[in-house]
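Whole structure, please, built from the sequences with the hints as guidance.
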Amino acid sequence: MKTRPPARADRFDSALGFTAQRGPVARLIQIVLYVVLVAVFAGPLVALMVGAFSPVADPSRLTLWPETLTLDNFTAAFDRGVLRYLANSFIVVGLGLLLQILVSVSAAYALARHRFPGMRLVLLLILSTMMLPEEILAIPLSLVLADVPIVHVNLIGTLAGMIIPVAAWAFSILVMTEFMKEIPLELEEAARIDGAGDLRILWTIVLPLCRPALGVVGIFGFTMIWDQYMLPLLVAQDAGQFTLPLALRTLRTDEQAGLGVLLAASLLALLPSVIAFLALQRQFMKGLTAGAVKG
Amino acid sequence: MTDRIAPRGIGALLALALVAGGMAACGTDEPGQDAKAPLQIWIRKPPGSPTEQTAKDLAAKFTAASGVPTQVTALFEDFETKLQQAAAQKQLPDIVINDTAQLGSLVKQGLVREVDRAGLAGSGDLSPIAWDAAKGADGKHYAVPFSAQSFALFIRSDWREKVGAEAPTSWEELDKLAVQFTKEDPDGNGKADTYGYVIPGSTKRGYTSWYATSFLWSAGGDFLTGEPGKFTTAVNSPQAVEAVDHLKGQFCTDKTVVPGAITMETTQAHQVFESGKGGIYFTGPYNMARFDKALGKEKYEVVALPAGPGGKASSLAEGENVYLMAGSKNEDGQKKFAEYAVSTEGQTVGMAGDTAGNIVRLPVNSTVQLANVRQDARWQVFDEIYKTAGRYTPAVPDWTPFRQSSADAMNAIFADCASDTKATLDKLAETFTAELTKQEVKG
Amino acid sequence: MTTTRVAPARSGAPAPGAPARPSPRSKRRVAWTRRLLPWLFLLPALILFAVFKFVPMARAIEMSFHEVRPYLGDRWVGGENYSQVVTDEAFRDAIWHTIVLAVGQTGGSLAIGLLLALLLEGAARHLWFVRTAVFLPTVAAMAVVAEVWRVIYYPAPDGMLNNVLSWFGMGPSQFLNAEDTSLWSVMAVGIWRGAPYDMMIFIAGLAGVDRTLYEAAAADGAGPMRRFWHVTMPALRPVFAILFTLAAIRGLRVFTEIFLLTNGGPNGSTEVLMTLIYKLGLERNELGVAAAGSMVLLGATVVLTLAVQAFRRKDSR
Chain A
1 MKTRPPARAD
11 RFDSALGFTA
21 QRGPVARLIQ
31 IVLYVVLVAV
41 FAGPLVALMV
51 GAFSPVADPS
61 RLTLWPETLT
71 LDNFTAAFDR
81 GVLRYLANSF
91 IVVGLGLLLQ
101 ILVSVSAAYA
111 LARHRFPGMR
121 LVLLLILSTM
131 MLPEEILAIP
141 LSLVLADVPI
151 VHVNLIGTLA
161 GMIIPVAAWA
171 FSILVMTEFM
181 KEIPLELEEA
191 ARIDGAGDLR
201 ILWTIVLPLC
211 RPALGVVGIF
221 GFTMIWDQYM
231 LPLLVAQDAG
241 QFTLPLALRT
251 LRTDEQAGLG
261 VLLAASLLAL
271 LPSVIAFLAL
281 QRQFMKGLTA
291 GAVKG
Chain B
1 MTDRIAPRGI
11 GALLALALVA
21 GGMAACGTDE
31 PGQDAKAPLQ
41 IWIRKPPGSP
51 TEQTAKDLAA
61 KFTAASGVPT
71 QVTALFEDFE
81 TKLQQAAAQK
91 QLPDIVINDT
101 AQLGSLVKQG
111 LVREVDRAGL
121 AGSGDLSPIA
131 WDAAKGADGK
141 HYAVPFSAQS
151 FALFIRSDWR
161 EKVGAEAPTS
171 WEELDKLAVQ
181 FTKEDPDGNG
191 KADTYGYVIP
201 GSTKRGYTSW
211 YATSFLWSAG
221 GDFLTGEPGK
231 FTTAVNSPQA
241 VEAVDHLKGQ
251 FCTDKTVVPG
261 AITMETTQAH
271 QVFESGKGGI
281 YFTGPYNMAR
291 FDKALGKEKY
301 EVVALPAGPG
311 GKASSLAEGE
321 NVYLMAGSKN
331 EDGQKKFAEY
341 AVSTEGQTVG
351 MAGDTAGNIV
361 RLPVNSTVQL
371 ANVRQDARWQ
381 VFDEIYKTAG
391 RYTPAVPDWT
401 PFRQSSADAM
411 NAIFADCASD
421 TKATLDKLAE
431 TFTAELTKQE
441 VKG
Chain C
1 MTTTRVAPAR
11 SGAPAPGAPA
21 RPSPRSKRRV
31 AWTRRLLPWL
41 FLLPALILFA
51 VFKFVPMARA
61 IEMSFHEVRP
71 YLGDRWVGGE
81 NYSQVVTDEA
91 FRDAIWHTIV
101 LAVGQTGGSL
111 AIGLLLALLL
121 EGAARHLWFV
131 RTAVFLPTVA
141 AMAVVAEVWR
151 VIYYPAPDGM
161 LNNVLSWFGM
171 GPSQFLNAED
181 TSLWSVMAVG
191 IWRGAPYDMM
201 IFIAGLAGVD
211 RTLYEAAAAD
221 GAGPMRRFWH
231 VTMPALRPVF
241 AILFTLAAIR
251 GLRVFTEIFL
261 LTNGGPNGST
271 EVLMTLIYKL
281 GLERNELGVA
291 AAGSMVLLGA
301 TVVLTLAVQA
311 FRRKDSR
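As you go down the protein sequences, you meet chains A, B and C in turn. Reminder that position 261 of the first sequence reads as 261 in UniProt numbering, one-by-one numbering, no gaps. Reminder that position 122 of the second sequence reads as 122 in UniProt numbering, one-by-one numbering, no gaps. Reminder that position 120 of the third sequence reads as 120 in UniProt numbering, one-by-one numbering, no gaps.
Hints were generated in silico from the structure; no laboratory data involved. For glycine and all other residues, C-beta sits at the position ideal for the given N, C-alpha and C. Honestly, I wouldn't trust all of these hints.
Label-pair distances were calculated between CB atoms; the ranges are [said to hold, decoys possible]:
id	chain 1	residue 1	chain 2	residue 2	range
1	A	Gln237	B	Glu184	51 to 59 Å
2	C	Gly169	B	Asp354	48 to 56 Å
3	A	His152	C	Arg313	41 to 49 Å
4	A	Gln237	B	Asp354	29 to 37 Å
5	A	Glu134	B	Glu161	45 to 53 Å
6	B	Ala418	A	Asp79	46 to 54 Å
7	C	Ala307	B	Lys56	50 to 58 Å
8	C	Arg313	A	Glu134	25 to 33 Å
Structure representation (structure tokens):
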């Protein structure tokens, strides 16, 4: 693989070639713009999160510097067993995401790189799984979980019950499919002539070219599994199997807890998502470049 | 030829789905009784909270006394979903400790057993009002009362002293105090950022209606009148209209209600009160522990709601029941647990002294002396209110639709100051009548 | 090996399944495996969906015709559940609010998301930071987002946003608490949360654009705007496909924002289909009614999805 000439990489790093403009005025406008964006999108959240460190949250204003700092809310959150919920969440998201990506890539490969009768119907069926509110499916789903058809396994009370059902997610299949469709056929055909099988083509040619899509699927899959509420609720038999979102919902309505404790727990819940996001962003930036396409 | 494969595959999948769905729906067997079978006890309290610990203590003491093993599960949010799930799997817990308001729904779904009030040891000691909350629409009892609570005004006493007012004894004084809290800068920060009433006015879970209930009753109004089984709508009576108009006046004329009240849930209302935005909050005793911590015990007082125009003071009464669930393998154990839970000893354990871990708010057993268990005199206020002014919502098979539709109507009235209160309540009355007919309790 | 360029727009419809010159002897075997192969790749997903989605969905269809009583056994009620939802007086308003919100939120998120993606695309270190900051609303728990916006919308004259409005001589507004502003206020929250979401998918799409195309276009004298229309937009085809499909599916399901911010109030001004379903079915423990409402929703969503797909196919020709 050849790389692009570094001197020109910068100029066309982005669609509009913004990074190329180096004039002082352009720079200033850029900085102002970034500050505004950060203030609008992150500012309010960060300011609210500061409430996690203050004894009483004021519902009428946001502040970056609370008058008194305290860790009481975190202590209270830990007393409620938040650390255990965090651990459960990590196990579920780790294994769940791995399975989900494998399943999505495999299904997307079939839908994007093959033509077969019934394809459209399959896609519609897959999409239809996103169309019903999960509250409606809750009770029927719990029956399935208690006695999985054909194999007759009871998944209630096991972390597997929270992991296996999230392995198939229509959103990531859709994203992978649409991105895979864009990969030029010539590469694949060439490999096929060389005698490569489907699995090898998928692994060595298609997947490396799908890194931006993998980034999207990774990030959104992570958040999706991390935020799962109904499924863990149905699977958990007692608080020992709770995941973080279950604890958050309880804290939100718990009269004794108060907003500060909720914010403290939310902050703990937010951090892993942010870290995952930082880690997976790399995928977006090393996408399909001219060099990468060269066999 | 190839065209046929796919549809057949899909068809097979769908068939599989239908068959499996159908299979899951059937199959139940009569449980054989076993007096030593462990009791599964579910309580609607936050897991990890002090209340969960109290429930465990109660169960442990019961086991020590009776020899029946127990296992306590505390669940809070979506407790009902978990219960539905257990019902669908035909694996209900043996005991559920939950709101009195759930009775109708549990009875309708056949999830609870009937309770023989006379056959229950110590049933005579329990307050008759509390027994009412365990009564189904058919007049039979489907639960054993366990805990009760009433509501009272939480008033910022420091603010009240600042504006030089006495504790209110009538609605006029109360409204006047609210105006003073709004206009006279009781927190002394030089800004007009304080208000009188804190009201959870969101339609969620029918909060608007829930809040207004005590005011409606205290003004001599009613949702429904008549006997269980034969109800008539009263929500558009002149007294009811006057009561609702009175509350509307706080929103629209006096403007003494905190901003955002119209979409506020209780959790948000608590914050508004404890952060010093509003000075008058009509709520329950469960908030005392929280406000003592966030605000300080000395900054607020607990006062009974005064009687309204032409009415007598009333307070919505609520509480928790012990439900004996259907399909238990140990019906004898269920009964024993209920008997223990309402006994002097069980109630005392549940009250958990002055701590935040109480699962019995006010005891339902008249042999329990509140003052002996709790030092905090404010509990006496709630107890007094419960005994003299406490009233449960009407014993229709399911109160939820009534609470919901009245919350929607009142929310509309408070939100739109140009609205016609009488006309809106007339329409609500029609909805009520239709719902009474549907629930087959129209008189 | 030869250098291939990414075609900006998909040229025609190549047949991906076409076998590449197979030897005559193995032709038949290849034909069979090729036919079976896609199903093998789809198998894991289909099994999982069948068990954990289609089985419950089939049961939901069944529930919509019954009074659901998990313990006593269901009772057949025919179309009664459906008529209860459809004849509710809030139904028509709810449909209208749903459409307004769906269109406004998806349109707004799409436009702002694209703008954000164009501004924040790139590998520079500071961009990583800005992107992460902008992405926060999407990963924060909705309960927290709702709290944030209740503070921003605090409807007193000295409330946060009212303060900002007063600089421009506007306001104070009641935002969520008045009938004429509540729907727009909810929509703004939806866009605030949805735009970064769309941004990420756009950025992934932009990352897939062949850089040499920009260079070539620039060499031909095309300015940023022309590059955008002729190189960038065509390359974003998969992104638009994803986002329009998602919009069709999710747009009609708007719920959580409203549930946490207004619960349909004040005076029903933000009532949408899902809050109505919640109110008529779930809150009253009438799963049959909730299921019937969901089927109405499902039907509308399927129609909309098919329309989007058909539109896309027509468009790509």
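Outcome of the hint check:
As the Cβ distance of Gln237(A) to Glu184(B) is approximately 55 Å, the hint placing it in 51 to 59 Å holds. Between Gly169(C) and Asp354(B) the Cβ separation comes to about 54 Å, which falls inside the hinted range of 48 to 56 Å. For the hinted restraint 41 to 49 Å between His152(A) and Arg313(C), the CB-CB distance of approximately 43 Å keeps it satisfied. Taking 29 to 37 Å as the suggested C-beta distance range, the pair Gln237(A) and Asp354(B) conforms, at roughly 33 Å.
Between Glu134(A) and Glu161(B), the C-beta spacing of about 52 Å keeps the proposed range 45 to 53 Å intact. At about 49 Å, the beta-carbon gap between Ala418(B) and Asp79(A) stays in the expected band of 46 to 54 Å. The hinted range of 50 to 58 Å is satisfied by Ala307(C) and Lys56(B), whose Cβ atoms lie roughly 56 Å apart. For the pair Arg313(C) and Glu134(A), the supplied restraint of 25 to 33 Å holds, since their beta-carbon distance comes to about 30 Å.
The structure shown violates none of the earlier numbered hints.
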